[in-house]
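In case you want the letters, here they are:
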Amino acid sequence: MVSSARSSGSVDSLRFQRASLRYSPHLLRNRWNRILSFFTGLAATFAVLPLVLLLSYVLIKGGSLLSLGLLTELPPPPGLDGGGIANAIIGTLIVTLIACLISIPVGIGGGIFLSEYSSQGWFSHFVRFGTNVLAGVPSIICGVFVYGLIVSTRVFWGQSYSAFAGGVALSVLMLPTVIKTTDEALKLVPQELRWGAFGVGASHFVTITRIVLPAALTPIATGVVLAIARAAGETAPLIFTALFSPFWPEGLLQPVATMSVLIFNFAIMPYDAQISLAWAASFVLVIMILGANLFARWLARLSQI
Amino acid sequence: MVGSSFTDLIFFIFVMSSETSLVNQPCFQLENLGVSYGPHQAVAGVFMEIPRGKVTAFIGPSGCGKSTVLRALNRMNDLIEGCSISGKALFDGQDLYAPFVDPVEVRRRIGMVFQKPNPFPKSIYENIAFGAKVNGYKGDMDFLVESSLRKAALWDETKDKLHASGYALSGGQQQRLCIARAIAIEPEVILMDEPCSALDPISTLKIEELMHDLKKSYSIVIVTHNMQQAVRVSDMTGFFNVEAQHFNDRKIGCLVEFSSTEAIFNAPRCQATQDYVSGRFC
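Chains A and B are the protein sequences, given in the same order. So the first sequence is numbered by the working numbering: it starts at 1 and just counts up by one. So the second sequence is numbered by the working numbering: it starts at 1 and just counts up by one.
Quick caveat, the hints were computed from the structure, so don't treat them as lab data. We put the beta carbon where it would ideally sit given N, CA and C, even for glycine. One thing to keep in mind: the hints can contain errors.
[Stated by the list, open to error] Derived lysine to aspartate or glutamate pairs resembling EDC-like cross-links, with alpha carbons at most 16 angstroms apart:
id	chain 1	residue 1	chain 2	residue 2
1	B	Lys151	B	Glu208
2	B	Lys159	B	Glu146
3	B	Lys116	A	Glu192
4	B	Lys88	B	Glu146
5	A	Lys187	B	Glu81
6	B	Lys122	A	Glu192
7	B	Lys54	B	Glu262
8	B	Lys54	B	Glu188
9	B	Lys215	B	Asp235
[Said to hold, decoys possible] Here are the simulated distance ranges between beta carbons:
id	chain 1	residue 1	chain 2	residue 2	range
10	A	Phe126	B	Leu205	45 to 55 angstroms
11	B	Tyr137	A	Pro105	38 to 48 angstroms
12	A	Ile287	B	Glu105	52 to 62 angstroms
13	B	His163	A	Val48	37 to 47 angstroms
14	A	Phe123	B	Asp102	20 to 30 angstroms
15	B	Pro61	A	Ala135	26 to 36 angstroms
16	B	Met141	A	Ala135	37 to 47 angstroms
17	A	Ser119	B	Arg280	38 to 48 angstroms
18	A	Phe129	B	Tyr167	28 to 38 angstroms
19	A	Trp157	B	His163	20 to 30 angstroms
20	A	Thr40	B	Leu205	45 to 55 angstroms
21	B	Lys138	A	Glu73	55 to 65 angstroms
22	B	Ser165	A	Phe123	36 to 46 angstroms
23	A	Thr40	B	Tyr137	57 to 67 angstroms
Next comes chain B alone, as it looks inside the complex:
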């Protein structure tokens, strides 16, 4: 009797601890991640724990591999010829590059928004319905389209022209349509690769407000060249830099510092980070 209650207690503690560990478990764990395009190593030695339910920003100069790392998180790099991965990328503790993993399933759970707005050449309605249909959604499509557009703050502008082409929208609206398309399939994470770089400041502001709303239900990882944007939207920031390898002149990207956004911008540990965030580039 005593023994059984004791095992119950142990079991209870075990369940509790496993649940809390799932909540506290980072969304992504990168362990010595490296990406090469053909023979050329683009990024190497990235160790990172990207937290759940937060906005994580990647900043750094061009060519430092932040977009490459971002694309490695949902296996988008598979689509690039000759791209190979070393090290590990764990999502919810599961290796994304294990041989049995289906990349299509990975991308259903980890959505992506690209630098250039890329709506499909279909109507606004179809743009959102497409992802839902290929994911086997059987429910009320009208409701899904409306709620996705509402979440992306695009409903009021498009409710009267749902069957117009997605190309008829402005650049900022197209990008919000792409975000609506991504959240329509209810991913766990949204990756954003410089989502505002092709947009005007007003559209940028709208998308940043949108990110604040979205982080209540999704983990977001964003690549940005705009440091003010990183400060405004992100909780965590990773600073990437290019370093010349000592044995040859090849430039290679690496993660210099990863910490809370406040720490990166106010009290960085590395000189390179300090120089970059204060605008002194060598």
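The shape of chain A in the complex, shown without the other chains:
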């Protein structure tokens, strides 16, 4: 009696309708599902469309001009044909290298301080906040800042525009990325690992250099490579710092050609040879940055294995 009452009660008092298990495409929830998946898919397609178009456009326009001369010769004087962008390729490498030499030690050191040494007081909060602000500063303002600091004051041996000034401007752009990725990567290292090292009597220094940093090396390296790829393509900070030169680089304290400034200068010239060189330089720059990004992805994969 009791059991029958309970079983009939459970059937009668069902608050929800029990529908068939068969999938029905006409149900409202299933319609909404299809509509939303269609629109989000469309949005995702539009999101990658610029990349695909840009890459194919640059490949078609610039890829056809790729030759050995492009990579080994100087740009021609206005009005003449042929020539290459070799000085700009070398210049971009020099300026980026200077930027790396400044921003990697400072950035990784700052990141280690934030994550490992700071007491999470006002100073580290201030540095973290400042890093975020610096990351949002427009690149042209970095250029103007370095122009005012180094170029117009001629503090370095009386030189104004120089590869060095360009490197400093790019390092200001790279710095926040390097600090942030180092900080984040170190925070991802499990606390137990640090305890383990302290537990066997390792000092703070040994714990960081031998246990924590190696464990976080891959994400740090990935962040550094992405920062380099970002900085190498910047134009605005280089226009008033590294300036431009149609000749081979003459030294760190002389103006130097870079690919991004070469594209900026040549693309608006009324000469066909220069315009096609600008396309070719765009192609080479995009390929270099793409290569750096692929390298960063490959680095990131290393840690997962």
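Keeping the supplied structure of chain A fixed, place chain B upon it in accordance with the hints.
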């Protein structure tokens, strides 16, 4: 002549008594130890004498501060933000929290094994060699690695893959690797913070057998939630409990009873201990 022999005798007695006192001296003496995290007091009023060459277990409900007290014994709490200590913790009669004490040196003499196995992301060999190297070991590293792994009953399972990653081992093997890593630097004491809570019963049994072997040469302090484990491995047991403070509702950990394991489990003096060890929780 008589006087000098008399002073010799006095000196002899003095030396003897100081030596015996060193042997009988407890390993740790906690005098009114309290630990707070920021403004919140976690543990207060712990008086304890942890004996040398024995296994001492800390039992009690979660949040009663037994792990906190354990970490206070080798200054691991220094690594936790905002943690402060009151009272005294003496190790071999020396105050661990005296201003001139180097915490790195403390941790070299008082090793620690953690709840979660935490081998370094290095090879099995390097895991053990790391501690020895940072402690300035100059001897035969191969021998040290082998003997440490043997003591931790891990040698037979790992001798063919010493240069494989420590992560390639199972959880129980990783925990024994961590114990091997701790004993490689020949500490005087090993602290174990729930070393078996992440392990299966077979690995647990192996680690308990290991503790029986290790207590011949080390003092061991172990935190455990498993009361059977406390009975199986320990000589002394401390029961911690949480008590609400009367002037506010803050819960605070304290040591209720500290005695031989037999006494705690068979004839506890406090009702709270009796309730806890017999499984009646309020």
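Q. Is the distance from the Cβ of Met141(B) to the Cβ of Ala135(A) consistent with 37 to 47 angstroms?
A. With Cβ atoms ~46 angstroms apart, the hint holds.
Q: Determine whether the Cβ-Cβ distance between Thr40(A) and Leu205(B) falls within the hinted range of 45 to 55 angstroms.
A: 54 angstroms, holds
Q: Quickly compare the C-alpha distance for Lys54(B) and Glu188(B) to 16 angstroms and report which way the hint goes.
A: Holds. Lys54(B) to Glu188(B) sits at ~12 angstroms (cutoff 16 angstroms).
Q) Do the alpha carbons of Lys151(B) and Glu208(B) lie within 16 angstroms of each other, as the hint requires? A) Holds, because 13 angstroms separates the two Cα atoms, which is no more than 16 angstroms.
Q. That 38 to 48 angstroms hint for Ser119(A) and Arg280(B) (C-beta), does it hold up?
A. 44 angstroms, holds
**Q.** Satisfaction of hint between Glu192(A) and Lys122(B), Cα-Cα up to 16 angstroms
**A.** Holds - the C-alpha atoms of Glu192(A) and Lys122(B) are around 15 angstroms apart, at most 16 angstroms.
(Q) So if I understand the rule, the pair passes when the alpha-carbon distance is 16 angstroms or less; does Lys159(B) with Glu146(B) pass? (A) 8 angstroms, holds
Q. Given a hinted range of 20 to 30 angstroms, is it respected by the beta-carbon distance of Phe123(A) and Asp102(B)?
A. For Phe123(A) and Asp102(B) the Cβ distance comes to about 26 angstroms; the hint holds.
Q: For the pair we were handed, Lys187(A) and Glu81(B), check the Cα-Cα distance against 16 angstroms.
A: 15 angstroms, holds
Q) CB of His163(B) to CB of Val48(A), is that within 37 to 47 angstroms? A) 44 angstroms, holds
Q) Between Phe129(A) and Tyr167(B), does the beta-carbon spacing fit 28 to 38 angstroms? A) For Phe129(A) and Tyr167(B) the Cβ distance comes to about 37 angstroms; the hint holds.
Q: Given the hint of 26 to 36 angstroms, check if Pro61(B) and Ala135(A) actually sit that far apart at their C-beta atoms.
A: About 47 angstroms separates the Cβ atoms of Pro61(B) and Ala135(A), which means 26 to 36 angstroms is violated.
In summary, the structure is inconsistent with hints 4, 11, 15, 19 from the numbered list given earlier, while agreeing with the others.
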